[in-house]
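Engineer: Heads up: the sequence lines are chains E and F, in that order. Take 1 as the starting number for the first sequence in the working numbering and just add one per residue. Take 1001 as the starting number for the second sequence in the working numbering and just add one per residue.
Be careful, since some hints might not be right.
What the hints assert, rightly or not - Label pairs and their computed distance ranges (CB to CB):
# : chain 1 : residue 1 : chain 2 : residue 2 : range
1 : F       : 1055      : E       : 58        : 18 to 28 Å
2 : F       : 1217      : E       : 63        : 14 to 24 Å
3 : E       : 10        : F       : 1098      : 49 to 59 Å
4 : E       : 192       : F       : 1146      : 19 to 29 Å
5 : F       : 1247      : E       : 239       : 16 to 26 Å
6 : E       : 39        : F       : 1013      : 27 to 37 Å
7 : F       : 1350      : E       : 217       : 46 to 56 Å
8 : E       : 41        : F       : 1063      : 34 to 44 Å
Keep in mind that the hints were calculated from the coordinates and are not lab data. Don't be surprised by glycine CBs; every beta carbon is placed ideally from N, CA and C.
What follows is each chain in one-letter form.
2 protein chains.
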Amino acid sequence: MSSSPQLLQVLRDGVPRTRADLVAETGLARSTVTLRLDALLRTGLVRSEAGTSTGGRPPIFVRFDPGARSVLAVDLGAAHVAVAVTDLDGTVLAEHREDLDIAAGPAPVLDLAARRGQDLLDQVQAGGAGPLAGIGIGLPGPVEQATGRPRTPPIMPGWDGADVVGVLGRRFGVPVLVDNDVDLMALGEHVTVYPDTAHLLFVKVATGVGAGIVAGHRLVRGADGTAGDLGHVAVPGGAPVRCRCGNTGCLEALASGTAIVRSVRGLGHEVRRLEEVQGLLEDDGVAEVVRLAGQSLGAVLASCVNLLNPSVIVIGGPLAHEPSPLFEGIEQMVRGRSLPLATSRLQVVASRTHGRAGLLGGARAVIDRVLDPAAMDAPAGAEPAGG
Amino acid sequence: MSSSPQLLQVLRDGVPRTRADLVAETGLARSTVTLRLDALLRTGLVRSEAGTSTGGRPPIFVRFDPGARSVLAVDLGAAHVAVAVTDLDGTVLAEHREDLDIAAGPAPVLDLAARRGQDLLDQVQAGGAGPLAGIGIGLPGPVEQATGRPRTPPIMPGWDGADVVGVLGRRFGVPVLVDNDVDLMALGEHVTVYPDTAHLLFVKVATGVGAGIVAGHRLVRGADGTAGDLGHVAVPGGAPVRCRCGNTGCLEALASGTAIVRSVRGLGHEVRRLEEVQGLLEDDGVAEVVRLAGQSLGAVLASCVNLLNPSVIVIGGPLAHEPSPLFEGIEQMVRGRSLPLATSRLQVVASRTHGRAGLLGGARAVIDRVLDPAAMDAPAGAEPAGG
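From just these sequences and the hints, can you work out the full model?
Structural biologist: Here it is in structure tokens:
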């Protein structure tokens, strides 16, 4: 019944309402409202409470209870795992982050994520948090939408076709949504920092380079879930550096964390990770390496701006601090190569979610699913999912 | 009341329903259905008819009447105007096309379009077509969403800020939607040929080059309405040809109709328009010019495929015939520079709407607006609009 107004969507704003309010607001028959509200009250997602009497019988209000369920969000990077538990408003109740090597493969990595997640759940549930409603997990590679399985992910050796949904679903007995990490970052940054911005691009500069696209307030995943995959876009005017994909001049070969670290090491600095480069930016040579990477990024982002006309480009990852040579390089190329009409109001900014964009997006994807009654009718166990 | 099911949206599929059907299908109160249906019956958009009696009183059915209103669609190009009248299903009832020079300016061009449109309306209304409900018009340049005015359109001298909505709205007394021509072409091709394709790119190769983007079944216009503006995207690996925008290597400088005609003239052929080039493709030199233009297009489209992951790219304009050197050039670059995951199911095809994509899209934009009850509450006169 897709054309029916959903009471839970109406109540999600947190405003308490009487049964009569809901009848008036939705146009639904009183009997329909009663039936659906009784079902919602049984789930605990909606609670009833007595209002203040103004003489006669006190009115009964119903309201959405965001604490009725907990959500587990997992953000896997090439070299880290972060986990968080949130309520149904997306408020983080507890979180944990540690280093790992994703190339260890799905079994040990998912086991570690599950143990850390269970620890957090035990902790918050001892404090009264609701039962687990679902798990949202982001992976640093392409994810097949229909199955939630990674598909030939370049920086995740051993993960091709891994059954992430099955492994976590069996362990926790709840639905599992798997998505590309940058798509979830775009979603997380959008809902928490830019809820009123219709068109936004989130660009992650980490071991790899990728983008998540929000257009018309909705995430654009593309026909095969690969939208935003910028790593092998040819950099206009870029140096003809050979990329591991076989082509030359790919963005990843010029501006990924891997490429930046390699260039900085070439200057004689003993760095192994992009995180360590930020501290070396007072060195003119290092600053120039980062500026050139920014220019390559900017040359590709100029094409993205002409194509998508976003009003905000958010840069995430270890180098996303303003001002910096990275942003100078990006701005120079974006402003120089995009249409004035498309850049007059464009902002290029560092992420404001303190490295949590992926977790916030993972939680939000689950919440949107849990609060969509059509999805609630599905069995509560593990299921194929793609976010 | 945005959460209420709209009877007109339910009835739009053309299936006749009884009042009881509508109550059951929407969950709305019987009194609400009666109230809203009476309002719809008064507009004439919905008609009632008696069903066949199965013994007792015959049931009364209501159904949407697509002939209740007419829509005027106008497609303006750099060198042509096309007009069509459709019903509320988007079926073309009459159409007309002729050459003109858009640089003549808004007053004479809009006057000509209005006279041709009025002629068609007189003709179909004499045959029983309904009163005019609205006008949809596409312009070959950027259009400001909030006002429907062209903004610094490069190939439309004299049109900057022209009040298209006011001119046509005062003349016909109906709402006017103004949009970029390629956006309307993408919409028209999508709704008539690819209604089940969620992610589609429509690329017009005419005097200029531009794209309309459909993502998740919706047109992507961007924050300022300039999404899809490919003309000044830098061609990766492209020749450093100076563009009139001041940069070098823009797609427009390498693959627009203007650029192709210039190169073909350089071979000694006396062509003035892109339409004449198609007949010269047996000349190896001309075929090579067109193939190179296709490669430049393909190099930019490869970036678009990585960014947006469409499953169909539709090529429109005078050279959109398969097979041809244009398609060979495009295919070569798109397959060579995009991720295999994003191209395994990708089709690159010529438009199948016989040059009518813009008209079909213009009509559809108006129809969607007319059949959206929120818009119907607005005054029926001319109004600022942006599609």
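Engineer: Each of the hints needs a verdict: does it hold here or not?
Structural biologist: Structure-based check of each hint:
In this structure the hint that residue 1055/F and residue 58/E lie 18 to 28 Å apart at CB is violated, the actual value being about 52 Å. Distance hint for residue 1217/F and residue 63/E: a CB-CB separation of about 34 Å, inconsistent with the stated range 14 to 24 Å. Range check, residue 10/E to residue 1098/F: Cβ separation about 53 Å, and the 49 to 59 Å hint holds. Against the hinted window of 19 to 29 Å, the Cβ-Cβ separation of residue 192/E and residue 1146/F comes to about 27 Å, which satisfies the hint.
Evaluation of the 16 to 26 Å hint for residue 1247/F and residue 239/E yields a pass: the beta carbon distance comes to about 19 Å. For residue 39/E and residue 1013/F, the hinted distance range of 27 to 37 Å is satisfied, since their beta carbons lie about 29 Å from each other. A hinted range of 46 to 56 Å for the beta carbons of residue 1350/F and residue 217/E is inconsistent with their spacing of about 33 Å. In this structure the hint that residue 41/E and residue 1063/F lie 34 to 44 Å apart at CB holds, the actual value being about 39 Å.
Against the hints set out earlier in the document, violations occur for numbers 1, 2 and 7.
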